[in-house]
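Using the sequences plus the hints, can you model the full thing?
Quick mapping for you: the protein sequence lines, in order, are chains W and G. In the numbering used here, each residue carries its 1-based index in the first sequence increased by 468. In the numbering used here, each residue carries its 1-based index in the second sequence increased by 6.
Check each hint, because a few of them may be wrong.
[As the list claims (entries may be wrong)] Cross-link-like lysine-lysine pairs, in silico, PhoX-like; alpha carbons within 25 Å at most: (1) G:K62 - W:K477; (2) G:K113 - W:K506; (3) W:K477 - W:K487; (4) W:K506 - G:K110; (5) W:K509 - W:K490; (6) G:K113 - W:K504; (7) W:K508 - W:K477; (8) W:K490 - W:K477; (9) W:K521 - W:K490; (10) W:K490 - W:K506; (11) W:K487 - W:K506; (12) G:K76 - G:K113; (13) W:K504 - W:K521; (14) G:K76 - G:K63; (15) G:K110 - W:K504; (16) G:K113 - G:K62; (17) G:K110 - G:K62; (18) W:K477 - W:K506; (19) G:K76 - W:K490; (20) G:K113 - G:K63; (21) W:K508 - G:K110; (22) G:K110 - G:K63; (23) G:K113 - G:K65; (24) W:K486 - W:K506; (25) W:K521 - W:K486; (26) G:K76 - W:K509; (27) G:K110 - W:K509; (28) W:K504 - W:K487; (29) G:K113 - W:K509; (30) W:K504 - W:K486.
The hints are simulated quantities; they were obtained by calculation from the structure and are not laboratory data. Small disclaimer: the values here were computed from a predicted structure and weren't measured.
Listed below are the residues making up each chain.
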Amino acid sequence: DTEVTQTPKHLVMGMTNKKSLKCEQHMGHRAMYWYKQKAKKPPELMFVYSYEKLSINESVPSRFSPECPNSSLLNLHLHALQPEDSALYLCASSFKRYNEQFFGPGTRLTVL
Amino acid sequence: TQLLEQSPQFLSIQEGENLTVYCNSSSVFSSLQWYRQEPGEGPVLLVTVVTGGEVKKLKRLTFQFGDARKDSSLHITAAQPGDTGLYLCAGVSGAGSYQLTFGKGTKLSVIP
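Here it is as structure tokens:
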């Protein structure tokens, strides 16, 4: 199984809503990532979890809150987002040696 | 700050033609990955190169890592419409690093 799954595929939310994005992998990877990608740009790293501990937070606003309940699951909790947060949110996982990152299909988020 | 310069930014060719995409940096990378991304989807890992001078082939795609591990190229032979997409190179700066440095991408269109 070389798949990273993400739900939901699409999400539309208002600025006062609270929602969560979910990511799952069963490849035994111990590093998991959240990226944000705007149109026509490469992915931008948001958070890295290594062995279920947050190891990198790229100065992301607190309205984005990551959570890693176990080695297979990664969540991104969203609250009070702004329209400029609309983007494709990508989850990835990797095996440490060469950091080959495997990406999920993404969640297309629209904030109204 | 490490940078990966990817060129060309856009490429539109006829089916059956050959093409090369370049990824260059002044920094050394411990490994380099190539991804292909369709609109609205996550990047799909095509290959990882780790050894200077390494050449890997994936059907009609040939990937090369420069001897000094600062640059890489992707060559596609006899391009097909199914090759259309955004090609991204991404480098890992050091062993154990979790961060990928992405190039800005090459948007390839193969016209039937």
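Against the structure, the hints come out as follows:
For the suggested pair K62 of chain G and K477 of chain W, the alpha carbons sit about 33 Å apart, so the restraint of at most 25 Å is broken. Using a Cα cut-off of 25 Å, the hinted pair K113 of chain G and K506 of chain W holds, with the two alpha carbons roughly 15 Å apart. Of the supplied pair hints, the one linking K477 of chain W and K487 of chain W holds, its CA atoms being roughly 13 Å apart against a limit of 25 Å. About 12 Å separates the Cα atoms of K506 of chain W and K110 of chain G, which keeps this hinted pair within 25 Å; it holds.
The straight-line distance between the Cα atoms of K509 of chain W and K490 of chain W is roughly 23 Å, inside the 25 Å bound, and the hint therefore holds. Distance check on the hinted pair: K113 of chain G and K504 of chain W sit about 19 Å apart at the alpha-carbon level, within 25 Å; holds. For a cut-off of 25 Å, the pair hint linking K508 of chain W to K477 of chain W stands: about 19 Å separates their Cα positions. Restraint check for K490 of chain W and K477 of chain W: the C-alpha separation of about 10 Å stays at or below 25 Å, so the hint holds.
The hinted pair formed by K521 of chain W and K490 of chain W meets the criterion: a straight-line CA distance of about 17 Å does not exceed 25 Å. Restraint check for K490 of chain W and K506 of chain W: the C-alpha separation of about 19 Å stays at or below 25 Å, so the hint holds. Note on K487 of chain W and K506 of chain W: the hinted pairing holds, with a Cα-Cα distance of about 20 Å set against a maximum of 25 Å. Between K76 of chain G and K113 of chain G the CA atoms are separated by roughly 22 Å; this keeps the pair inside 25 Å, and the hint holds.
Distance hint between K504 of chain W and K521 of chain W is fulfilled; the C-alpha atoms sit about 20 Å from each other, no more than 25 Å. For a cut-off of 25 Å, the pair hint linking K76 of chain G to K63 of chain G stands: about 19 Å separates their Cα positions. The suggested pairing of K110 of chain G with K504 of chain W holds, with an alpha-carbon distance near 14 Å, which does not exceed 25 Å. About 22 Å separates the Cα atoms of K113 of chain G and K62 of chain G, which keeps this hinted pair within 25 Å; it holds.
As the CA atoms of K110 of chain G and K62 of chain G are separated by approximately 22 Å, the hinted pair is consistent with the 25 Å bound. The suggested pairing of K477 of chain W with K506 of chain W holds, with an alpha-carbon distance near 16 Å, which does not exceed 25 Å. Proposed proximity of K76 of chain G and K490 of chain W is contradicted: the alpha carbons are some 36 Å apart, above 25 Å. Proposed proximity of K113 of chain G and K63 of chain G is supported: the alpha carbons are some 21 Å apart, at most 25 Å.
For the hint linking K508 of chain W to K110 of chain G, the alpha-carbon distance of about 8 Å falls within 25 Å, and the restraint holds. With a CA separation close to 23 Å, the supplied pair K110 of chain G and K63 of chain G stays within the 25 Å bound. The straight-line distance between the Cα atoms of K113 of chain G and K65 of chain G is roughly 20 Å, inside the 25 Å bound, and the hint therefore holds. Proximity of K486 of chain W to K506 of chain W is assessed by CA-CA distance (about 21 Å); at most 25 Å being required, the pair is judged to hold.
Proximity of K521 of chain W to K486 of chain W is assessed by CA-CA distance (about 23 Å); at most 25 Å being required, the pair is judged to hold. With a C-alpha separation of about 22 Å, the suggested pair K76 of chain G and K509 of chain W falls inside the 25 Å cut-off, and the hint holds. Simply put, K110 of chain G and K509 of chain W have alpha-carbon atoms about 6 Å apart, close enough for the 25 Å limit, and the pair holds. Note on K504 of chain W and K487 of chain W: the hinted pairing holds, with a Cα-Cα distance of about 16 Å set against a maximum of 25 Å.
With a CA separation close to 11 Å, the supplied pair K113 of chain G and K509 of chain W stays within the 25 Å bound. Between K504 of chain W and K486 of chain W the alpha-carbon distance is near 18 Å, which keeps this suggested pair within the 25 Å criterion.
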